[in-house]
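S.K.: Protein chains in written order, with the working numbering: chain A, 1 to 345; chain B, 346 to 703.
Don't take every hint at face value.
Computed Cβ-Cβ distance ranges for the label pairs, DEER-style [unchecked claim]: (1) B:Glu-697 - A:Phe-204: 48 to 54 Å; (2) A:Leu-315 - B:Glu-697: 41 to 47 Å; (3) A:Leu-247 - B:Arg-457: 37 to 43 Å; (4) B:Val-385 - A:Leu-315: 55 to 61 Å; (5) B:Val-502 - A:Gly-59: 54 to 60 Å; (6) B:Asp-543 - A:Val-215: 40 to 46 Å.
To give an idea of the interface, some chain B residues facing chain A are shown, with a C-beta separation under 10 Å as derived from the structure [unchecked claim]: (7) Thr-387; (8) Arg-517; (9) Ala-521; (10) Ile-523; (11) Gly-524; (12) Ala-531; (13) Val-570; (14) Ala-573; (15) Val-574; (16) Pro-576; (17) Ile-672; (18) Gly-679; (19) Leu-683; (20) Val-685.
I should point out that these hints are in silico values taken from the structure, not numbers from a laboratory.
The C-beta atom is built at its ideal place from N, Cα and C for all residues, glycine as well.
Now for the letters of each chain:
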Amino acid sequence: MSTATRALPGGPGASRVGAARQASLLAAGLLVLALAVLASIAFGSHPTSAADVLDVLTGDAAPETATVVESRYPRTALGLLAGLCLAVAGTLMQGVTRNPLADPGLFGITSGASAGIVTATAFLGVSGPSATLWWALPGALLAGLVVHVVGSAGSGAGLVRLVLSGAVVSAVLNAYVQAVTLSNPRVFDSYRYWVVGALGGRDFDVVFSALPLAVPGLLLAVLLGPRLNTLALGEESATALGASPALTRSCGLLAATLLSTAATAAVGPIAFVGLAVPHIVRALLGVDFRAQIVFSAVVGPALLLLADVVGRVVLRPQELMVGVVTAFIGAPALLLAVRRMRGTG
Amino acid sequence: MRRGMTRTRSGVRAPSPRGFVTIGRAVAVPAARASVVVAVVTVALLVAAAVATLSLGRLGLSLADLAGALTRGAEGKQAFVLERLRGPRLVVAVGVGAALGLSGALFQTVTRNPLGSPDVIGLGAGAGAGAAAVALLLPGALPASAGALAGGAAAMVLVHASTGTGFRDPGRLIVAGIGVHAIATAFTQYVVYAVERDKATVLTAYVNGSLAARSWEHAATIWIVLLAVVPLVALASRRLGVSELGDELAAGLGAEPRSTRAVAVTLSVVLSAGAVAVAGPVAFIALTAPQIARRLTGGPGPHLTLAALVGALLLTLADLAAQQSPIPGNLPVGVYTLAVGGLYLGYLLTREWRKGSL
Chain A
1 MSTATRALPG
11 GPGASRVGAA
21 RQASLLAAGL
31 LVLALAVLAS
41 IAFGSHPTSA
51 ADVLDVLTGD
61 AAPETATVVE
71 SRYPRTALGL
81 LAGLCLAVAG
91 TLMQGVTRNP
101 LADPGLFGIT
111 SGASAGIVTA
121 TAFLGVSGPS
131 ATLWWALPGA
141 LLAGLVVHVV
151 GSAGSGAGLV
161 RLVLSGAVVS
171 AVLNAYVQAV
181 TLSNPRVFDS
191 YRYWVVGALG
201 GRDFDVVFSA
211 LPLAVPGLLL
221 AVLLGPRLNT
231 LALGEESATA
241 LGASPALTRS
251 CGLLAATLLS
261 TAATAAVGPI
271 AFVGLAVPHI
281 VRALLGVDFR
291 AQIVFSAVVG
301 PALLLLADVV
311 GRVVLRPQEL
321 MVGVVTAFIG
331 APALLLAVRR
341 MRGTG
Chain B
346 MRRGMTRTRS
356 GVRAPSPRGF
366 VTIGRAVAVP
376 AARASVVVAV
386 VTVALLVAAA
396 VATLSLGRLG
406 LSLADLAGAL
416 TRGAEGKQAF
426 VLERLRGPRL
436 VVAVGVGAAL
446 GLSGALFQTV
456 TRNPLGSPDV
466 IGLGAGAGAG
476 AAAVALLLPG
486 ALPASAGALA
496 GGAAAMVLVH
506 ASTGTGFRDP
516 GRLIVAGIGV
526 HAIATAFTQY
536 VVYAVERDKA
546 TVLTAYVNGS
556 LAARSWEHAA
566 TIWIVLLAVV
576 PLVALASRRL
586 GVSELGDELA
596 AGLGAEPRST
606 RAVAVTLSVV
616 LSAGAVAVAG
626 PVAFIALTAP
636 QIARRLTGGP
646 GPHLTLAALV
656 GALLLTLADL
666 AAQQSPIPGN
676 LPVGVYTLAV
686 GGLYLGYLLT
696 REWRKGSL
């Protein structure tokens, strides 16, 4: 974790990575992503051979095989979208808060979205990911706002402080969610299938309904790249250069909230993609946010799809949901990183 | 205790030493008078909450019936309510609350970390995962509490091993706790997803921390843990007071800070694990009870006895709310402590941050 802290921009020794290196890394990333997409189409709880998949792709396969393989298209698309959203949201949040632990889950945004969705299902008769999406947004925005305000109260910005306010807000919202779900069996059922975080069993509808949140979030993220670079020079330098740190920060958090709400509402809370991808990207590329955002958008989906493929094959014929897989891969990585943390007060 | 040693300017011990509670001329107990008053008030409130637990609601015993039942023995419906329905549950609540309060106070004293308690850094989540594992893999063969014990212990070992500095550095502790919490929660959620709905509901209630349908056996378990651990805590408490001064001073005063810390953390984890085995991971009691106790006495560190009393009072009150609440479906008590504890923690954090003392 400490290497990441030091790698954060601002130091005079911030490394410059040549354009050629960036281009080759991007090509490699895209290749991995393409392989991940192919794997996501080729592997499943029902085994299909590579030849079968090729037949389906060229259009001359038996109808049964075609059905099996084509049923994997929506979840692949969903994995692409959710991975992209979570990774870019994580990069934005870590850049804006300059906190290497920033992640939609730890910042209360996920709990806010959960509370919104549960409220809509229980009291407003709304059901299905497409409809509940719009109820997740106000919950997530409100929770993110409270965490940010509580976490930046007082002087100085501690690394632990934002995490703690996130934990507090998540606790209160979680109590509400538990109260509503446990007193309402119908809501409990839909909640437990959503909260585990899965790509399977969803249609293209869900992908389309998440786009109105994801696309503006992504556009905002791309536009903010240069400003985030200025912000990374430090509050004072950024102000001296004519940038408005407060505006950049609020826009960044707004974009991150839009993106992570889109992903969370569509597939459920998925841990560690938003936390880990920015660290991987920074280690590869250095500190330029414009490049970081593009690379997160490539690495995030690749990682999520690969995790989903692992979940499909590891317990055959049953499936392990992608949210469980990312936690089981991400958490040990976090535990290993703890030892490298500098002491914090 | 510290004030008891104040001397007058001339160096002669003051005739009526402050910080000692005297009974006649022969007995002087070293305790700050303020904390004795607070402790007595807390006990009175606890008794009131206990009476309310037994007497409120449709099945409650009226005060006269309650007095009669306690002195002459209960019969019929009263016996059922007192001996089966609410009595054991109340005794469990007091025991679990006290164990959690004491556990948190020990942990916070010894790690000098005001936000530490075993349940916050993953013991609760680990216990939930353990109970879920039992429900998934060995349904019926083992009680959920056995799984909870194993899971909680495993989580503590994992946190301890991954920080590299034990339980000392708050930052590392919190991050390691996040990791362990994430794995454990993911597993629990998978099990809740995979089993059928009735089992999932029972499991979710247990994972939140519940006191519903507790028997005298549960009560015996937690009180035996308390009876075994409390004397050890009393033995260690003198060295604990010294260790709060910091490692170097403590070592200079002859207390070995490392062994003190190891003993206290072990006792704290044992208390929490006992509580988890009986009631499931009830959130935030271990974290907030010592904080409240410290604010009530104004002393420097958590006051162990008072933290235990406050813990017992908090959990009894929360369970009273859980039993009497109009929300359908009888929510587990852990949901209430999660909400109230979260709010209190948020208040505490903003206040401390404003003062810049955290």
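S.K.: Can you tell me whether the CB distance of Val-385 (chain B) to Leu-315 (chain A) sits inside 55 to 61 Å?
M.R.: Cβ of Val-385 (chain B) to Cβ of Leu-315 (chain A): about 58 Å, so the range 55 to 61 Å holds.
S.K.: Double-check Ile-672 (chain B) for me: the hint is only fine if its C-beta lies closer than 10 Å to a C-beta in chain A.
M.R.: holds (5 Å)
S.K.: So, as I understand it, the hint says Ala-573 (chain B) touches chain A; can you test that by seeing if any CB pair is closer than 10 Å?
M.R.: violated (31 Å)
S.K.: Is the hinted range of 37 to 43 Å satisfied by the C-beta distance from Leu-247 (chain A) to Arg-457 (chain B)?
M.R.: holds (40 Å)
S.K.: Have a go at the Leu-683 (chain B) hint: is there a Cβ in chain A nearer than 10 Å to its own Cβ?
M.R.: holds (4 Å)
S.K.: Would you settle whether the hint for Thr-387 (chain B) is holds or violated, based on the nearest Cβ-Cβ distance to chain A being less than 10 Å?
M.R.: For Thr-387 (chain B), the interface hint is violated, since the closest Cβ of chain A sits about 25 Å away, which is over 10 Å.
S.K.: Just to be careful: measuring from the Cβ of Gly-679 (chain B) to every Cβ in chain A, is the smallest value less than 10 Å?
M.R.: holds (8 Å)
S.K.: Is the distance from the Cβ of Leu-315 (chain A) to the Cβ of Glu-697 (chain B) consistent with 41 to 47 Å?
M.R.: holds (46 Å)
S.K.: Has the hinted range 48 to 54 Å been met by the Cβ atoms of Glu-697 (chain B) and Phe-204 (chain A)?
M.R.: holds (49 Å)
S.K.: Let's test the interface hint: is any C-beta of chain A closer than 10 Å to that of Pro-576 (chain B)?
M.R.: Violated - the Cβ of Pro-576 (chain B) stays beyond 10 Å from chain A, reaching only about 34 Å at its closest.
S.K.: Would the stated hint for Gly-524 (chain B) survive a check requiring a Cβ distance to chain A of less than 10 Å?
M.R.: holds (4 Å)
S.K.: Minimum Cβ distance from Ala-531 (chain B) to chain A below 10 Å?
M.R.: Result: holds, 3 Å to nearest chain A Cβ.
Comparing the model with each numbered hint stated earlier shows that hints 7, 13, 14, 15, 16 do not hold.
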